[in-house]
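Enquirer: Protein sequence lines correspond, in order, to chains F and W.
Counting in our numbering, the first sequence runs from 107 upward without gaps.
Counting in our numbering, the second sequence runs from 3 upward without gaps.
Hints listed in this document are in silico derivations from the structure and should not be mistaken for laboratory results.
Be aware that a few hints might be false.
[Claimed, not checked] Straight-line C-alpha distance at most 27 angstroms; calculated BS3-like pairs for lysine-lysine:
id, chain 1, residue 1, chain 2, residue 2
1, F, K223, F, K152
2, F, K201, W, K23
3, F, K231, F, K201
4, W, K91, F, K134
[Claimed, not checked] Sample of chain F residues lacking proximity to chain W, with all beta carbon distances greater than 12 angstroms (derived):
id, residue
5, R123
6, P198
7, D324
Just so it is clear, CB atoms sit at the ideal spot from N, CA and C, and this is done for glycine as well.
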Amino acid sequence: MNESKAHLLKSLNENLRYDGRGLLDFRKIEIETGVSKSAEGSARVKLGETEVIAGVKMELGKPYPDTPDEGTIMVGAELIPLSSPDFESGPPDIKSIEIARVVDRGIRESKAIDFKKLCIKEGEKSWIVTIDIVTINDAGNLQDASYLAAMAAVKDARFPKLEGEKVNYKELTETKLPLTKEPVEVTVLKIGDKLIVDPSTEEEKLIDARLTIAITEDGRLCALQKGGDYPLSLDEIDAMIGIAAEKTKELRSALKAVKPTKR
Amino acid sequence: MTYSKRNDGRKFDELRPIEAKAGVIKRANGSAYFRIGKTTAYAAVYGPRDLYPKFKQNPKAGIIRVNYSMMPFSGSGERVRPGGSRRSKEISMVTEKALLPVLNLEEFPNSVVDVFIELPQTDAGTRCAGICAAAIALADAGIPMKDLVAAVSVGKVDDKIVIDLDYSEESYDAEVADIPVAFVQRTGMLTLLQMDGPVTREELKKGLEMGREALKKIYAIQKKALKEKYTGEEK
Numbered sequence: 107m108n109e110s111k112a113h114l115l116k117s118l119n120e121n122l123r124y125d126g127r128g129l130l131d132f133r134k135i136e137i138e139t140g141v142s143k144s145a146e147g148s149a150r151v152k153l154g155e156t157e158v159i160a161g162v163k164m165e166l167g168k169p170y171p172d173t174p175d176e177g178t179i180m181v182g183a184e185l186i187p188l189s190s191p192d193f194e195s196g197p198p199d200i201k202s203i204e205i206a207r208v209v210d211r212g213i214r215e216s217k218a219i220d221f222k223k224l225c226i227k228e229g230e231k232s233w234i235v236t237i238d239i240v241t242i243n244d245a246g247n248l249q250d251a252s253y254l255a256a257m258a259a260v261k262d263a264r265f266p267k268l269e270g271e272k273v274n275y276k277e278l279t280e281t282k283l284p285l286t287k288e289p290v291e292v293t294v295l296k297i298g299d300k301l302i303v304d305p306s307t308e309e310e311k312l313i314d315a316r317l318t319i320a321i322t323e324d325g326r327l328c329a330l331q332k333g334g335d336y337p338l339s340l341d342e343i344d345a346m347i348g349i350a351a352e353k354t355k356e357l358r359s360a361l362k363a364v365k366p367t368k369r
Numbered sequence: 003m004t005y006s007k008r009n010d011g012r013k014f015d016e017l018r019p020i021e022a023k024a025g026v027i028k029r030a031n032g033s034a035y036f037r038i039g040k041t042t043a044y045a046a047v048y049g050p051r052d053l054y055p056k057f058k059q060n061p062k063a064g065i066i067r068v069n070y071s072m073m074p075f076s077g078s079g080e081r082v083r084p085g086g087s088r089r090s091k092e093i094s095m096v097t098e099k100a101l102l103p104v105l106n107l108e109e110f111p112n113s114v115v116d117v118f119i120e121l122p123q124t125d126a127g128t129r130c131a132g133i134c135a136a137a138i139a140l141a142d143a144g145i146p147m148k149d150l151v152a153a154v155s156v157g158k159v160d161d162k163i164v165i166d167l168d169y170s171e172e173s174y175d176a177e178v179a180d181i182p183v184a185f186v187q188r189t190g191m192l193t194l195l196q197m198d199g200p201v202t203r204e205e206l207k208k209g210l211e212m213g214r215e216a217l218k219k220i221y222a223i224q225k226k227a228l229k230e231k232y233t234g235e236e237k
């Protein structure tokens, strides 16, 4: 074990994080909608000093052949070099791909958006909801911040006006996205024998394993993603799910409080 | 048809409302937020740091490298595909040239000062907003500078010379010229000049003079943003 990890563990054993938080405390959560008026929906999320923006754009496309009566979502995450000395320009690397795919699965697998209502003409035309997440400042836990921003932007979104074959982006309708539930994702991390949430950049570098858990209001799990170089025991996974179930309440109430911006 | 009144009711030489803030991105060495009307820009500066690939290094002085980018949801129409386009590469290059003349990079041989410009929301004038934000961010990062650089678009809509065109003016159904300019106030020198659209020699002269006048206001706002951060007025 390297020295910085030993040092962090010593502190965690005393139930103390370097920034003074308890092991299962989130930093201050701030959510603001309507941060990009160019987008059909948008939101800024801050977890302490971590800051991300998400925006929703809607396009017309052809439904997939296996789901001719459904529209779909597309999630992208850009870990841009503006937000950290550790990020480089170029095509999305594996870290940003994972963040985007885990956000996508939380929304998709919970069936939070009624894809059938995104279909305009079966087999021919449907809405494609693109959700783009862009990092502004990386102070750790981009995964949970990205998820919250994506969901808040979805809640803020309005369909643009459809004029025949064309989308008029200048005029938004009053119609919101068909959101049936609000799943929330929380990542629980393991360092030594300690479990923590909402890691700082420093902590993130020292973790053994992590588990991102998506949970709907009724307590059902709808997506999981394990990460990190070390394995997890069944007991640990159960403990992590317990923590996530508790923590999603806090995140869900922050998300519930989100009001779409007036336009 | 003449353009007798601006779409948003501004005077012909009037800027849109401006907001500027220094030090908004903690991970960066220097950063800024700049809003002009509905166009918003972030700039972050990293460095001076080692430049790779090594063959790009200059043993006599550091270099500045700008990356201008619109966020995927920042366009007024369809989604902008992430990753560089020919347009964003050109804007990155002219932004480098607009900023370079005020920088003293001799102290940093073989190094690079990276400037990242990102726009969450756009309504024309993005390269100028990017330059204004970048200049504040460079000063915030403590890069030795001779002065700040301020930029704005000057233009001609139908028969009127105007300052700071918004998108409705850029796409106005008449003859339109768009002329982004950047000035260094202390020397009165131009460091950015581009033009799309027809004007006469006299109109250009008038436009540039109007631009320089308007930029005095932007320059004051840039300085104020830096003062607010460094005189303890920060929250």
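Enquirer: Each hint needs a verdict: does it hold in this structure or not?
Expert: Comparing the hints with the structure gives:
The straight-line distance between the Cα atoms of K223/F and K152/F is roughly 31 angstroms, outside the 27 angstroms bound, and the hint therefore fails. For the proposed pair K201/F and K23/W, the alpha carbon gap of about 30 angstroms is over 27 angstroms, so the pair is violated. At roughly 33 angstroms between alpha-carbon atoms, K231/F and K201/F are farther apart than 27 angstroms, so this suggested pair is violated. The hinted pair formed by K91/W and K134/F fails the criterion: a straight-line CA distance of about 38 angstroms is larger than 27 angstroms.
The beta carbon of R123/F is kept farther than 12 angstroms from every beta carbon of chain W, the shortest such distance being approximately 18 angstroms. Interface exclusion of P198/F from chain W breaks down, the closest Cβ pair being 8 angstroms apart, not more than 12 angstroms. Every Cβ of chain W is farther than 12 angstroms from the Cβ of D324/F; the closest lies at roughly 31 angstroms, confirming the non-interface assignment.
In summary, the numbered hints that this structure violates are 1, 2, 3, 4, 6.
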